[in-house]
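S.K.: Produce the complete structure using the sequences and hints provided.
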Amino acid sequence: MSTKIQLLKDCYPKQETTVLESEDFKVTAWTFPTGIEAVELEAKHVSVTVLPFMGQIIWDAVVDGKSLRMENMFSYPEPATQITETYGCFAFHSGLLSAGCPGPEDDHPLHGEFSCAPFREAWLELTEDSIVISGRYEYTMGFGDHYQAIPLVKVFKDATHFDIDMEVTNLSKYQPMPLQYMCHMNYLYEDGATFGGSLPNEAFVVRSSVPDHVHPTPEWSKKLEQLIEDPNIPQLSEETHFDPEIVWFADNLEQYGKKVSVTMSDYFIEFPSKDFGVGTRWILHNPDQKVCAFLIPGTSRPEGAAAARKAGTMINLAAGETKSFHVRTGKKA
1 MSTKIQLLKD CYPKQETTVL ESEDFKVTAW TFPTGIEAVE LEAKHVSVTV LPFMGQIIWD
61 AVVDGKSLRM ENMFSYPEPA TQITETYGCF AFHSGLLSAG CPGPEDDHPL HGEFSCAPFR
121 EAWLELTEDS IVISGRYEYT MGFGDHYQAI PLVKVFKDAT HFDIDMEVTN LSKYQPMPLQ
181 YMCHMNYLYE DGATFGGSLP NEAFVVRSSV PDHVHPTPEW SKKLEQLIED PNIPQLSEET
241 HFDPEIVWFA DNLEQYGKKV SVTMSDYFIE FPSKDFGVGT RWILHNPDQK VCAFLIPGTS
301 RPEGAAAARK AGTMINLAAG ETKSFHVRTG KKA
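In the numbering used here, the protein residues as written are 1 to 333.
Any given hint might turn out to be false.
Unchecked claim - Derived DEER-like restraints, expressed as beta-carbon distance ranges:
hint	residue 1	residue 2	range
1	216	8	43 to 49 Å
2	104	81	20 to 26 Å
3	105	257	30 to 36 Å
4	228	2	47 to 53 Å
5	66	257	28 to 34 Å
6	319	23	42 to 48 Å
7	72	142	34 to 40 Å
8	255	107	32 to 38 Å
Calculated from the structure, these hints are not laboratory results. Every residue gets a Cβ at the ideal spot worked out from N, C-alpha and C, and that includes glycine.
M.R.: Written out as structure tokens, the structure reads:
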């Protein structure tokens with residue numbers, strides 16, 4: 001049995017307000033000074049802060065009192081139409097008609113149209129052992145695509161992990177739609193952290209292309225050449241203080257098993273390889289931003305829609321078809 005509670009944008013609390021409290025869970029809602037609504041789901045070990053009406057961005061995730069979010073420049077989430085305008089979050093949904101960094105043949109925004117999508121519907125679902133924040137976004141373009149997306153974040157009463165799901169349905173009555181998706185988690189950077197899990201070192205290759213937002217230095221270019229030759233890094237250290245970013249790809253993940261599970265010291269990310277065929281690792285370290293996205297699950301590499309079509313990794317979702325994605329992440333028990 002579950003209880004569903006609608007969140008209403010028109011009468012959303014301005015100050016921190018407890019909207020639900022039980023023996024195992026607490027839900028607090030408020031509006032940031034920037035005008036962006038937020039809701040925090042809190043359990044024994046985990047609390048997550050989600051922006052219910054802006055892309056259902058996961059602004060922060062805290063496990064046993066420690067934030068898992070990248071170090072960033074944003075005090076609050078900012079009103080935004082694309083993710084770089086508010087890039088201080090733990091996770092966002094990159095997609096859905098296109099995703100990643102647009103290439104020369106692309107005209108889509110960085111990380112697609114969905115990442116900061118304006119939601120009209122959002123709700124909570126409470127069960128005996130979990131609490132969920134979810135919502136529904138409908139995209140409609142005249143003479144174009146028509147879909148609905150239902151993301152959710154689920155927090156469990158006793159667990160140190162949580163779930164991030166996405167369900168996409170093509171609402172067109174006759175035409176397929178392109179689908180490209182990444183569950184883009186921006187984990188914290190910590191020197192001394194080591195990588196492990198089900199993907200061998202040889203699964204990873206280093207990105208050699210340079211997107212428009214990356215501005216190479218001679219020192220960085222030399223480091224990139226070295227990593228292209230030997231992509232393996234045993235642990236995070238001063239040697240991995242990459243600025244600008246360095247990105248790794250792991251392709252065709254089904255060859256490594258039905259479930260991918262990758263760790264960074266005490267933290268893990270796991271998902272079915274049938275849903276996400278590509279994993280991306282992204283490291284950046286400078287005085288303003290520090291992040292080790294140790295594995296971002298994706299349907300393709302984050303190199304834009306045209307590259308996905310050429311690689312054969314763009315999904316064609318048939319009229320009326322639904323595609324679901326599931327990710328579990330957090331701290332190992």
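S.K.: All hints, please: hold or fail.
M.R.: The hints, checked one at a time:
no., hint, result
1, 216 with 8: 43 to 49 Å, "holds, 48 Å"
2, 104 with 81: 20 to 26 Å, "holds, 22 Å"
3, 105 with 257: 30 to 36 Å, "holds, 34 Å"
4, 228 with 2: 47 to 53 Å, "holds, 50 Å"
5, 66 with 257: 28 to 34 Å, "holds, 30 Å"
6, 319 with 23: 42 to 48 Å, "holds, 46 Å"
7, 72 with 142: 34 to 40 Å, "holds, 37 Å"
8, 255 with 107: 32 to 38 Å, "holds, 33 Å"
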